[in-house]
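Residue numbers (our numbering), protein chains in the order written: chain A, 2 to 271; chain B, 208 to 435; chain C, 17 to 292; chain D, 17 to 292.
Hints are supplied without guarantee of correctness; some may be wrong.
[Stated by the list, open to error] Examples of chain A residues lying across from chain D (beta carbon under 8 Å, computed):
(1) G19
(2) T23
(3) S147
(4) L168
(5) L170
(6) R171
(7) L174
(8) R221
(9) A225
(10) R227
(11) C228
(12) F231
(13) D232
(14) H236
These are computed hints drawn from the structure, not numbers from a lab.
The beta carbon of each residue, even a glycine, is placed where N, CA and C say it ideally should be.
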Amino acid sequence: MRLRRSGPAEPSEQLDLGAVATGIGERPDRLAALDPRVRLISAAMLAVTLVSLTSLTSAFVALLAAIALALLGGVPVRRLQHLLPLELLMLLLLITLPFSVPGKSLLEIGSLSASAEGLRLAGLILLKANAVVLSLFGLVAVLGASQVVHALARLGVPAKLCHLLLLTLRQILLVGDEYRRMRLAMRARAFVPRSDRHSWRALGWLIGMLLVRSLARGQRLGEAMRCRGFDGRLHLLHRGRWRRLDSLVLAVAVSVCVALFAFDRWSHAA
Amino acid sequence: MAHIPDGVVSAPVLITGALGSAVLLGLALRQVREEALPQAAVLAAAFFVSSLVSIPLGPSSVHLLLNGLMGLVLGWAAVPALFVALLLQAVFFGHGGLVVLGVNTLNLAIPALCCALLFRPLLARLVEPRPTPAGESMPSVTPQERRRGFLIGLTAGALAVLLTGALVMASLLLSGEAFAPAARVIGITFLPLAAIEGLLTGVVIAFLLRVEPAVLALDQPLDRLSDA
Amino acid sequence: MPPEMGVSLTEASRVGVLAELVEVGFGYPGRPPLLQGLNLRVGESERIALIGPNGAGKSTLLHLIVGLLRPTAGQVRVLGRDCRSEADFRAVRGRLGLVFQHSDDQLFCPTVLDDVAFGPLNLGRTPEQAAAIAERTLAVLGLRGYGPRVTHRLSGGEKRLVALATVLAMEPQLLLLDEPTSGLDAVSAARLLDHLAGLPQAMLIVSHEQPVLERLTSRAVLLEQGQLQPVELHRHAHAHRHTHLHLHASGVTTDHDHLSELPVHAHPHADRQDDD
Amino acid sequence: MPPEMGVSLTEASRVGVLAELVEVGFGYPGRPPLLQGLNLRVGESERIALIGPNGAGKSTLLHLIVGLLRPTAGQVRVLGRDCRSEADFRAVRGRLGLVFQHSDDQLFCPTVLDDVAFGPLNLGRTPEQAAAIAERTLAVLGLRGYGPRVTHRLSGGEKRLVALATVLAMEPQLLLLDEPTSGLDAVSAARLLDHLAGLPQAMLIVSHEQPVLERLTSRAVLLEQGQLQPVELHRHAHAHRHTHLHLHASGVTTDHDHLSELPVHAHPHADRQDDD
Ligand SMILES: Nc1ncnc2c1ncn2[C@@H]1O[C@H](COP(=O)(O)OP(=O)(O)OP(=O)(O)O)[C@@H](O)[C@H]1O
Ligand SMILES: Nc1ncnc2c1ncn2[C@@H]1O[C@H](COP(=O)(O)OP(=O)(O)OP(=O)(O)O)[C@@H](O)[C@H]1O
Ligand SMILES: [Mg+2]
Ligand SMILES: [Mg+2]
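Just chain A, with the same shape it has in the complex:
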């Protein structure tokens, strides 16, 4: 659940669904020369490494690296507003963890005592969670969904899942447009969402109507696919070629992850 202040502008009207298709980048992608597969593998390895980090120092280093990746990938700063729900949870952890982790007392409030260990754990989680998301943004999200899914397919993800992803992506944009137009029409008829039965019922109907219209849309989509020879077998267009540069970058990514892991264990021990 994401809590938001209710305002005049509908938050979902601002959520930029189009970015899913084109990629979230707005500045040039400096890593564009790489095969998408390298980027996906590196992102996954990095995420696993990041999650396993235990020292604040190494997590901080990792966050800096993730910021660098996001900058290289061309992620706009505006994009960071999407991290708000994440930070909300982080705030909750920052508030609760110091009091629930036993350890050296930093601060006493009544019978509660905030521990340095708890604060450290919260800080660690804060750094790691943001680092994973930022590196994902820089390495994967700027590619745009089509490239990501094709890369996934070539990495052995089942074709059925890949096709479902591709079809869903395009449909999300179309249904999203439909939703936006319907919301505008509601607003034009003086609808203001409030916490009352009338509003909830209207929004429920809106969701219901989206589903009803989607059923018809799904039928037409199926027909269009059959007209183009779709017989249940799935094919994908493969693109991009693995080059020496890609192997090199993959080797670098592996060594970075190993180094980060080693540094983490060393600095944790120290």
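Given chain A, work out where chains B, C and D with the ligands should sit, using these hints.
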């Protein structure tokens, strides 16, 4: 806060989540036939968009999880639909994380499947195909049946959210005693969400029964998308 | 000049202007500006046609008037009130009835009655009042008895009429119609036009279609390159060469003389919708 | 009569018939029959216009030809082959290119290249071949470089061209076009027509629009009450009274004489799209 970010849950929970969701996803994908992919994709998209609708609640607003409704409408196909939604949200919007994707998928998909198993048979009894006079465009579902549909939706929607809340709390608690207070706070936020989600799911089910029972396709078994 | 006179003059110039755009500029984010320094004034009981090529911004203009979009420059005045914030527009939105280009976007309630009552409910009517208003509006449009029908299952023409009803139920003073007859066949379009022609409201109508312009509008403006230009709308005889579909029942001779009847050609053919 | 002659006669009548409907009947479940005893034969290099009111069943007819719907009576023959089952239709669907009424229904891949290559891939081409075919088809339609673009961001006219490309990439022998220019403005429509006019394929075109019929079709059939009737398409001069939009730059006198030029009136006005 059904989307747990990376870095919170512990390795055993992560691995269980990854393996569990992989198995569930594999099973579900086997059930969904290729011919039914277009239908599944469009409905998955509709659910994705619907989960962006912000529902006013008290002084703030919430977004729905809709996993109860997805279970009711999609059956098994709810699993890949949820996975696709979570993957997109993690990668492109930074909601949730990559390594916890398995855990998050399980937390939403298990309640969805429970709803499908428990409540689809009940709904199916409401909309058994019955003869309608030719040229009659009046709804064939009576008001009482719609009210029953509303109650089924209400229960399914609320139950799914409560189950998800319990699973999220369990994921945190299993990751460490220290998360207990945070888990409790998160658990509390699921209560109002369950109420509003139940209400909305009920409204949507009553709407579908009235306007287009074909969306529920309840004359077909649980895995309707496998033989659509 | 006695002060009363000055007051009444200003009043007179204000009263009677339902909606006014003053030097309005607008562009979608990340796109070149669409409208620039645009002026428009819709007076009481005026019926204005708004024409222009695809993508000129006609629908955008209507959305600006009802405050679904906010201009980047200039002013929007509705009923003499300067509208800037969402709250300003909320107060006047009930007075402006926007009928969307696609009825499907506008109808989302399970039944016709629910949909028509939706606007009045939003304006603060009780459910009983709203239902009564809805029934009355449906009756006016010849849709008596449509109340319990499922909107989703109506035909295109019926949907368009219901969409009009949903807007009329709010008793607007100005109707904004976005291509009201597009996608309708000749019979449904004629029926809709009959109803529109009988309404008392002022109208701003986006349309290219001759019958609409002919029956409904008193003047026309052309939207091009972000600005509005007046266009004359008048009727006279024309003759020009063009292809025409002729329906000949098989067996009837086809070598009839088409030219003999000039200059006034009374079409004896059953090709109504192809008759431009 | 020598046997060879009989064979060759039958052959001759078969060859050159791309699609044929024989006494076809169809109705949607729970509705009155839509088509009854309908016959249609599309020969090689024929270009047939299919016209009829809304809901007459024009789109349904196209769906029957490609086997998305199965007739309740009669036969569908494609390329001389009697098609009954999904398997039969699958074998011939690649030869029939159906362009849907709404491009958004037809474009379901994220990028243009994926979409155009989808058909060839299904027909068994390798990914490399499919990509090459797609690039070539795009080039033919003047869409070179559109490959990596996101379908969603294209304009209506571009979408329509890409939809055409997706179908042409399968190298069909017969194009079935469902209102190809509906919703397009004059410029995009003209561009599409240019491309269509340059194609070698036979076509069956649902359309009401004069420019389409004029440029593309050689004969027309009218669908009414479930049956097809031949319609004559010929061109001659007409004169009739109708309203006309005239664009006068402000300041220019508007009291010019419109009647003096009859019977041939050379429009000096910039009102292209309103010039029916
Ligand atoms: N939400 C939006 N975001 C970005 N661009 C938009 C949006 N809505 C419309 N546009 C663009 O703005 C331009 C004007 O759109 P608008 O719908 O106002 O045109 P119109 O005159 O109504 O055209 P039509 O005759 O096709 O209805 C178009 O180029 C359109 O692509
Ligand atoms: N899937 C369906 N189920 C039931 N009825 C349908 C279905 N599709 C179309 N119809 C009905 O069949 C009739 C013919 O539809 P069709 O789309 O073929 O008409 P059309 O001639 O193409 O009309 P238009 O000019 O509006 O495109 C219409 O009355 C329509 O409501
Ligand atoms: Mg428009
Ligand atoms: Mg049609």
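Cross-check of the supplied hints:
no.	hint	result
1	G19	7 Å, holds
2	T23	5 Å, holds
3	S147	4 Å, holds
4	L168	6 Å, holds
5	L170	6 Å, holds
6	R171	5 Å, holds
7	L174	5 Å, holds
8	R221	4 Å, holds
9	A225	5 Å, holds
10	R227	7 Å, holds
11	C228	5 Å, holds
12	F231	5 Å, holds
13	D232	6 Å, holds
14	H236	4 Å, holds
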